[in-house]
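What follows is each chain in one-letter form.
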Amino acid sequence: MTTTTHHPQRTPQDAPAAAAATRQVGGGVFSPRQLLTSLPDALRKFDPRHQLRNPVMFVVWVGSVLVTVFAIGDPSGFSIGVAAWLWFTVLFANLAEAVAEGRGKAQAESLRRTKTDAVARRLVDGVEERVAGTELRIGDLVVVEAGEVIPGDGDVVEGIATVDESAITGESAPVIRESGGDRCAVTGGTTVLSDRVVVRVTTKPGESFVDRMIALVEGAQRQKTPNEIALTILLSTLTIIFLLAVVALQPMAAYSGSAQSVIVLTALLVCLIPTTIGALLSAIGIAGMDRLVQRNVLATSGKAVEAAGDIDTLLLDKTGTITFGNRRATELVAVGGTTPEELAAAVRLSSLADGTPEGRSIVELCAERFGLSAEPTDHEKTGEFVEFSANTRMSGIDLGDLSVRKGAAGAVRAWVAENGGEVSSEVGPVVDEISAQGGTPLVVAEIRGGVASVRGVVRLSDVVKPGMRERFAELRAMGIRTVMVTGDNPLTAKAIADEAGVDDFLAEAKPEDKMALIRQEQEGGKLVAMTGDGTNDAPALAQSDVGVAMNTGTSAAKEAGNMVDLDSDPTKLIEIVEIGKQLLITRGALTTFSVANDLAKYFAILPAMFAGIYPQLDKLNIMHLATPQSAILSAVIFNALIIVVLIPLALRGVRYRPSSASALLRRNLLVYGLGGVVTPFAGIWLVDLLVRLVPGIG
Amino acid sequence: MSPTLAGLLQAGLLIAALAAVHRPLGDYLARVFSTPEHTRAETALYRLVRVDPDAEQRWGTYAQGVLGFSFVSVVLLYLLQRLQPLLPFDFGRGAVPPGMAFNNAASFVSNTNWQSYVPEVVMGHAVQMVGLTVQNFVSAAVGLAVAMALVRGFIRSRTDRLGNFWVDLVRGTLRVLLPMAFVSAVALLALGVVMSLRSGVTVVGPDGVSHTIALAPAASQEAIKMLGTNGGGIFNANSAHPFENPNSWTNLLEIFLLMAIPVSLTRAFGTLVGNRRQGYVLLSVMGVLWAGMLGVIWWAEAHGLRPLEGKETRFGVAGSALFADSTTGTSTGAVNSMHDSFSGLGGGGTLLNMLFGEMTPGGVGTGLYSILVMAVIAMFLAGLMVGRTPEYLGKKLGKREVTAAAVSILAMPTVLLLGAGIALVLPGEVDKALNNPGAHGLSEVLYAYASASNNNGSAFAGITVTSDWFQSSLGVCMLLGRFIPIVAVLALAGSLAAQRKVPESAGTLPTTGPLFATLLGGSVVLVAALTFIPALALGPIAEALL
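Sequences listed follow chains A and B, in order.
With the first letter of the first sequence counted as 1, position 628 gets the number 628 in UniProt numbering; the numbers rise by one all the way through.
With the first letter of the second sequence counted as 1, position 252 gets the number 252 in UniProt numbering; the numbers rise by one all the way through.
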């Protein structure tokens with residue numbers, strides 16, 4: 001029987017409410033100033049070796065060089081204008097990437113500060129020696145005392161301590177780390193606030209959690225994810241098609257008696273190839289990781305983030321995720337002629353000094369249902385609180401000649417019998433019924449005036465967090481099946497599963513059952529995500545496609561998963577899924593937008609190129625662009641500017657609301673497909689209104 | 001009866017006939033390519049050529065089979081033409097010149113049936129029947145085989161086997177094309193199509209001058225010419241010739257024949273993947289684009305300055321538009337009217353039909369696999385937009401799949417644009433070949449390369465393509481336009497078959513509804529439009545806007 005949890009665990013009771021308020025997965029704030037500060041980095045990216053990594057932008061880069069050469073040979077307002085704006089196109093693409101990287105750099109910088117060169121107190125055969133933190137090897141034992149910085153990642157093997165992990169998590173409340181449990185992992189760079197622990201080092205220097213985190217947020221080890229590679233292939237294909245179309249156009253134009261200059265052809269090519277998505281692609285990927293980091297989640301690879309968007313099945317632990325981490329009092333059942341009011345008074349009194357969540361929930365229930373004060377009176381304060389212990393399995397209070405006890409049925413009965421009282425025959429059935437329904441019965445007894453008797457039973461039950469039902473409904477709409485995993489018996493599990501609205505549950509689950517469930521789902525071709533913190537969760541975390549380890553968990557769990565949640569909030573899995581989806585949607589939407597833009601560019605450039613030889617083609621100049629030069633230049637300028645305009649969107653990600661696949665596609669096709677067709681018509685027309693004022697062009 | 005009503009009746013009859021036949025024929029096709037049973041004749045044939053019909057092949061082996069078979073076919077067909085004087089029924093027409101022989105061999109093996117020769121003058125009946133007609137059958141069967149291999153890629157899971165090319169080739173020929181061609185030939189014969197082994201008859205015309213009227217075994221050729229979406233006529237005037245296509249009934253029957261298998265294959269696809277609606281949605285996309293282009297061509301021709309120019313009065317504007325739309329939409333290339341004489345918009349319509357990549361509904365087999373490749377690309381983008389790793393029919397679309405699909409789609413525009421571009425650059429080539437200057441001349445060059453690269457084979461006329469450059473470049477375009485996509489499609493099939501099938505969940509984007517149809521249809525049009533608008537602007541668009 002569980003009555004209290006003594007681990008000072010940060011229970012994210014407010015998480016669903018907060019999440020509900022910010023349903024949209026937002027990103028960091030983007031300010032135009034970032035463009036300016038990222039400029040030096042952007043300029044460095046003009047290096048052709050860097051450009052080669054992005055086929056689309058490399059074509060633009062080569063085109064810019066080509067046009068510049070021709071513009072120098074035959075300088076005019078038009079040729080110089082096109083050359084300049086082609087360079088701007090490359091610059092804006094560089095800028096997008098630099099801004100995305102810059103946000104990570106700031107984070108990395110603050111992390112680096114935690115990497116002070118701590119001196120470690122290494123234990124060799126029980127003797128302490130002082131060595132530099134960088135000399136520690138896996139398996140070394142180090143002593144850390146209050147006020148000292150933990151020199152490396154590891155597990156506590158001896159002692160218990162409070163640790164300040166704010167350097168990593170940003171959370172100022174200290175956490176407890178102790179040997180032997182699921183809360184033994186400590187991170188290098190965090191500070192021990194009290195007591196003394198011995199830590200066994202589990203990572204090599206340079207590969208610690210902080211090191212990995214720095215590399216991650218800086219994007220230093222960023223490799224293209226599978227989906228990004230596939231998209232790059234598609235974009236390269238489009239680029240080749242347009243390259244061919246433009247190259248083949250010249251002989252056709254010459255045959256028609258209207259050969260075009262290299263400048264015009266290059267301008268056409270750059271406008272047609274998918275520069276918008278090409279320029280923003282890597283920024284989208286970096287920003288996706290960044291959004292995770294901002295939510296205090298570290299992913300070991302971008303691949304895991306993409307996989308998160310694909311999850312079919314979500315395994316969620318009941319306790320702490322679906323229900324509050326602690327059971328709460330939900331009902332008082334009076335027995336043996338006791339009135340509910342009397343029972344409430346007794347149980348309140350016994351819980352007033354009880355700091356456990358269960359005890360507090362009893363006081364709250366009495367306040368709510370019976371209007372009893374939650375604060376002790378001065379008289380009540382004189383009572384002597386009897387703490388819960390594993391031996392007595394009861395807690396209570398002694399106040400004058402009044403003693404109240406609450407606790408496990410067997411223990412309280414024995415206490416009543418010891419004190420010569422009779423236990424009402426009603427108690428047994430009530431206790432059994434509450435247990436059968438998945439609740440925990442707390443029997444309440446008192447000695448008043450020397451007579452011991454049982455007054456009633458408090459029902460402690462799991463309380464489903466508010467808003468969970470709605471979240472699961474959303475997940476269902478996204479096509480994700482939720483499975484609740486619990487150690488409860490099937491009956492209890494079903495009651496909570498029904499209340500929370502999950503699709504399925506796994507009752508009386510042992511770690512190997514969890515593993516078997518994951519395997520079974522994966523056999524059917526599904527992708528499974530789960531959270532875990534204990535060492536015995538590690539195999540399942542490794543087996544699952546997206547395994548989110550809690551930062552409070554063991555090193556084994558953190559190694560096994562492919563993400564670590566620094567806030568140790570299991571409901572965050574839902575947000576991770578959303579970020580994964582948002583990442584893909586942003587890529588898809590901007591690709592569609594980019595391709596859809598081409599229609600308007602044809603309407604701008606083709607009449608400009610050929611209306612001279614075929615005047616009837618001027619009918620296609622529906623934007624009424626002033627001159628052929630202004631038309632072409634306006635298209636090039638629009639093509640460059642749209643990149644800058646879309647940088648915030650690329651960093652933030654497109655809006656994502658959980659809904660069916662069809663609804664999402666319809667919406668995105670409408671916004672980015674149709675929008676992509678219409679926007680450039682307006683954009684190019686507007687740019688032309690300004691460009692036509694330039695002498696020699698308009 | 002007004003011409004419009006007559007046209008609507010013809011189109012209505014055609015659609016009704018296709019609706020009636022696609023179900024039994026589609027199910028039959030599905031059975032033919034999925035049953036483990038071999039007929040006795042097939043077993044004997046396999047024993048003769050020493051093929052183990054029950055040994056399935058990896059995609060590479062399957063592709064080697066396709067390429068090897070087609071290479072041998074090109075060589076044999078080339079030799080047959082070069083050695084014509086040694087064959088019977090040559091009527092003293094002599095050896096076919098090398099350039100022309102190569103072009104013809106490439107053309108018939110690639111199911112293009114572009115004809116740079118005048119059949120009545122160049123080809124004897126022996127080469128026609130033993131060479132060209134054999135290719136009419138087997139080139140169509142190759143297309144069927146590749147389509148079926150791709151379908152197996154979608155329906156199979158965790159295997160590297162895609163079936164046996166030789167078995168698919170034999171079954172397509174013996175169980176599908178031969179019996180259907182036989183029945184169709186008898187029907188055409190009964191409706192008045194000529195069938196004769198004589199070279200021709202000499203008659204004295206009303207003007208008192210004697211004329212030689214060419215004869216040929218036309219009915220039997222005509223059946224497979226349409227059924228296999230081949231299109232190579234036994235007479236120069238193709239289906240405009242009264243001996244090949246004597247009346248409006250044969251006209252309608254011929255259109256029906258060229259549509260029958262491509263349309264029914266969508267049903268076979270739906271049956272094989274276990275969800276008929278998957279097939280119907282492809283058919284709806286094909287149907288809407290086919291009908292839309294019919295509307296454009298028909299309207300353009302009916303409202304042109306010279307509505308009947310280049311058309312047979314037997315068929316009228318509607319019958320010609322229906323034929324033109326169907327033949328360019330199926331990679332057949334037979335013509336019953338001269339597309340060159342169509343208006344700018346109408347002729348541009350037939351050109352655009354080919355530039356769609358021949359999938360509305362496309363050739364035998366090629367139509368199905370081409371639209372499936374397009375569906376892979378469309379679903380990749382759609383999958384991204386719904387936030388899931390893209391998938392289609394339960395198969396994930398990753399790097400390998402997108403690469404294969406991209407190569408397949410890239411092949412046609414690449415050879416087309418490079419071919420046409422180089423032709424225009426070469427000094428004198430185009431000037432020698434073209435009878436028309438300006439925009440129309442450019443349309444003619446574009447049409448020739450579009451026809452070759454898409455394995456359509458219809459000619460725009462007005463262009464003489466017998467120079468060595470045109471013979472060889474168009475031949476190369478036909479071969480590359482045919483076999484690069486085939487190899488890419490088989491590679492795609494291989495990587496799909498190796499995957500485990502992902503079960504459908506509530507998050508799966510359905511590919512059976514109007515949204516997917518719109519997306520797929522939009523992709524077909526968009527890819528063609530974005531690729532070819534610049535070229536079209538200088539040809540048909542410039543003509544049509546006049």
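FYI, nobody ran anything at the bench for these hints, they're computed from the structure.
Note that the Cβ used here is the ideal one computed from N, Cα and C, for glycine as well.
It cannot be assumed that every hint is accurate.
Here are the simulated DMTMM-like cross-link-like pairs (lysine to aspartate or glutamate), alpha carbons at most 25 Å apart as the crow flies [claimed, not checked]:
hint: 1; chain 1: A; residue 1: Lys-510; chain 2: A; residue 2: Asp-317
hint: 2; chain 1: A; residue 1: Lys-303; chain 2: B; residue 2: Glu-56
hint: 3; chain 1: A; residue 1: Lys-224; chain 2: A; residue 2: Asp-47
hint: 4; chain 1: A; residue 1: Lys-526; chain 2: B; residue 2: Glu-504
hint: 5; chain 1: B; residue 1: Lys-501; chain 2: A; residue 2: Asp-503
hint: 6; chain 1: A; residue 1: Lys-381; chain 2: A; residue 2: Glu-342
hint: 7; chain 1: A; residue 1: Lys-526; chain 2: A; residue 2: Glu-559
hint: 8; chain 1: A; residue 1: Lys-526; chain 2: B; residue 2: Glu-56
hint: 9; chain 1: A; residue 1: Lys-510; chain 2: A; residue 2: Glu-178
hint: 10; chain 1: B; residue 1: Lys-399; chain 2: A; residue 2: Glu-508
hint: 11; chain 1: A; residue 1: Lys-204; chain 2: A; residue 2: Glu-178
hint: 12; chain 1: B; residue 1: Lys-501; chain 2: A; residue 2: Glu-521
hint: 13; chain 1: B; residue 1: Lys-501; chain 2: B; residue 2: Glu-56
hint: 14; chain 1: B; residue 1: Lys-501; chain 2: A; residue 2: Asp-567
hint: 15; chain 1: A; residue 1: Lys-105; chain 2: A; residue 2: Glu-128
hint: 16; chain 1: A; residue 1: Lys-510; chain 2: A; residue 2: Glu-499
hint: 17; chain 1: A; residue 1: Lys-204; chain 2: A; residue 2: Glu-128
hint: 18; chain 1: A; residue 1: Lys-224; chain 2: A; residue 2: Asp-41
hint: 19; chain 1: A; residue 1: Lys-494; chain 2: A; residue 2: Glu-474
hint: 20; chain 1: B; residue 1: Lys-501; chain 2: A; residue 2: Glu-342
hint: 21; chain 1: A; residue 1: Lys-303; chain 2: A; residue 2: Glu-331
hint: 22; chain 1: A; residue 1: Lys-105; chain 2: A; residue 2: Glu-521
hint: 23; chain 1: A; residue 1: Lys-224; chain 2: A; residue 2: Glu-499
Stretches of chain A that chain B covers, calculated by requiring three or more beta carbons in the stretch to come under 8 Å of a beta carbon on chain B [stated by the list, open to error]:
hint: 24; region: 49 to 62
hint: 25; region: 125 to 131
hint: 26; region: 241 to 248
hint: 27; region: 524 to 535
**Q.** Agreement of A/Lys-224 and A/Asp-47 with the hint, judged by alpha carbon distance not exceeding 25 Å
**A.** Distance ~19 Å between A/Lys-224 and A/Asp-47 Cα, so the pair holds.
Q: Count residues of the region 524 to 535 of chain A with a Cβ under 8 Å from any Cβ of chain B, then say if the count reaches three.
A: Held - the region 524 to 535 of chain A has 3 residues with a Cβ nearer than 8 Å to chain B, which meets the minimum of three.
Q: Quickly compare the C-alpha distance for A/Lys-510 and A/Asp-317 to 25 Å and report which way the hint goes.
A: holds, 12 Å
Q | Restraint status (C-alpha distance of A/Lys-526 to A/Glu-559 at most 25 Å) | A | Holds. A/Lys-526 to A/Glu-559 sits at ~23 Å (cutoff 25 Å).
Q. Holds or violated: A/Lys-494 with A/Glu-474, Cα cutoff 25 Å?
A. Given that 25 Å is the threshold and the Cα spacing comes to 21 Å, the pair holds.
(Q) Given the hinted pair A/Lys-303 and B/Glu-56, is their Cα-Cα distance within 25 Å? (A) Judged against 25 Å, a Cα distance of about 35 Å means the pair is violated.
Q) Regarding the pair B/Lys-501 and A/Asp-503, is the alpha-carbon distance no greater than 25 Å? A) Within the cut-off at roughly 23 Å; holds.
Q. Going straight from one Cα to the other, do B/Lys-501 and A/Glu-521 come out at no more than 25 Å?
A. Holds: B/Lys-501 and A/Glu-521 sit about 13 Å apart, inside 25 Å.
Q.
Hint check: A/Lys-105 vs A/Glu-521, CA-CA at most 25 Å. Holds or violated?
A. Given pair A/Lys-105, A/Glu-521 is violated - Cα atoms ~39 Å apart, limit 25 Å.
Q) Quick one, are A/Lys-526 and B/Glu-504 close enough, alpha carbons at most 25 Å? A) holds, 9 Å
**Q.** Satisfaction of hint between B/Glu-56 and B/Lys-501, Cα-Cα up to 25 Å
**A.** Answer holds: B/Lys-501 to B/Glu-56 is near 20 Å, not above 25 Å.
Q: Take the C-alpha atoms of A/Lys-510 and A/Glu-499, compute the straight-line distance between them, and say whether it is at most 25 Å.
A: Holds, at roughly 23 Å.
Hints 2, 8, 10, 14, 15, 20, 21, 22, 23, 24, 25 from the earlier list are contradicted by this structure; the remaining hints agree with it.
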